[in-house]
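In case you want the letters, here they are:
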Amino acid sequence: MRRVSNAAIASVTVVALCSGAWLLRSGAEAHPPPQPSAAQAATGGDRARSVAPAMPHSPPSRIRIPAIGVNAPLMGLGLTPQGSLNVPPAEKKNLAGWYEAGTSPGERGTAVVAGHVDNAEGPAVFYDLGSVRKGSTVEVDRLDGRTAVFTVDAVEVYDSRSFPDAKVYGAARRPELRVITCGGGYSETTGYRGNVVVFAHLTGSR
Amino acid sequence: MRRTARLLTGTALAVAAAGLGAAPVYGGDTGSLEVFPSTVVPGADVTVNTAACGSDGTANGDAGAVGGGTFTLAASAHEQDAIGQFRVPPSAQPGTYEIVATCSHGRRVTGDLLVTLASTREQIQPRGHVNTGVGGALGPDPVQTAAGVAALAVAAAGGTWLLHRRARGDGI
Chain A
1 MRRVSNAAIA SVTVVALCSG AWLLRSGAEA HPPPQPSAAQ AATGGDRARS
51 VAPAMPHSPP SRIRIPAIGV NAPLMGLGLT PQGSLNVPPA EKKNLAGWYE
101 AGTSPGERGT AVVAGHVDNA EGPAVFYDLG SVRKGSTVEV DRLDGRTAVF
151 TVDAVEVYDS RSFPDAKVYG AARRPELRVI TCGGGYSETT GYRGNVVVFA
201 HLTGSR
Chain B
207 MRRTARLLTG TALAVAAAGL GAAPVYGGDT GSLEVFPSTV VPGADVTVNT
257 AACGSDGTAN GDAGAVGGGT FTLAASAHEQ DAIGQFRVPP SAQPGTYEIV
307 ATCSHGRRVT GDLLVTLAST REQIQPRGHV NTGVGGALGP DPVQTAAGVA
357 ALAVAAAGGT WLLHRRARGD GI
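Residue numbers (the numbering used here), protein chains in the order written: chain A, 1 to 206; chain B, 207 to 378.
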């Protein structure tokens, strides 16, 4: 029987030891979801961009954000007893929701879509929402068979303690969309400190 | 039996007719202008009606406050109301506006119209932050941890093998 040299065993042992230590160490490190940079904040200049004519009311069925590979079905969401927007079941990681008592995406006003950044198992549907940039496209399929196409105006992050309700949920004179997920840093005791909010307006439909 | 039924139906119709006949008396007493819908978004059509002008009365409507101009309320068979329509201009600002109708015989009635930017469906808006994460993406990566444990197991096996050889005097 051909002997395996001691040197070979020793080197495999050393490599395994080092890589095992590295894997355990880096695996335990936090991998926070991406957060928007200051450059993605609203500047007011987006008002000049073209606005497509408003579409009639129709519930949406699916949202796509090609820039971050999102393609997820939408469920209807209501409000919690505290008045905040409810969220889809956390165990369905590729599911987002829309506020069905409000404006439908494409209709004049502010339509609101929300989804999880993560759940107990790991990243969820809007994990990469914070890396969306101005000018990116958000598409919403509707039950009337049409697709509302939105262009991103800004991506901002807000602390839960000073959430700008009027800016995020307030009425708009043109068809607008908000896409919301958790973000803004994480605390072991209180969880995510805020929300990432994508602001977009309707620029086309088909 | 059949005759009784017919009689009852006849009585019911008579009562109903009496009720209808009595309606203008009450209607005439309410000197207000009904505005429907009473809450609208800019660009919407609004219908107003009033019973204040009497059974064959017409009226001149004035929605100038909200920028809807003047319009005519025509007599209608519906509860003997005078009915008219106007359009809220798309440029209308949110607020409460007084809509006025003046009957042909001079009586003046008013009603309020509330203009909002959002549709009524949107009146209840969510507030506060949204609970869309639990930090599950921040914990240890289970795949990476398992790979790390497996690598350490290989290292342990290698080390044991070497020690074993040394103990047997194979030379190390």
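Derived by calculation from the structure, the hints in this document are not laboratory data. Certain hints may be false.
To be verified - Pairwise CB distance ranges, derived in the manner of DEER restraints:
| hint | chain 1 | residue 1 | chain 2 | residue 2 | range |
| --- | --- | --- | --- | --- | --- |
| 1 | A | 59 | B | 242 | 21 to 29 Å |
| 2 | B | 373 | A | 92 | 50 to 58 Å |
| 3 | A | 133 | B | 353 | 27 to 35 Å |
Cβ coordinates follow ideal geometry from the N, Cα and C atoms, glycine included.
For each hint, the structure was consulted:
1. 59/A <-> 242/B: 21 to 29 Å: Hint holds: Cβ distance 26 Å, inside 21 to 29 Å.
2. 373/B <-> 92/A: 50 to 58 Å: Cβ of residue 373/B to Cβ of residue 92/A: about 56 Å, so the range 50 to 58 Å holds.
3. 133/A <-> 353/B: 27 to 35 Å: holds (33 Å)
In summary, this structure violates none of the numbered hints.
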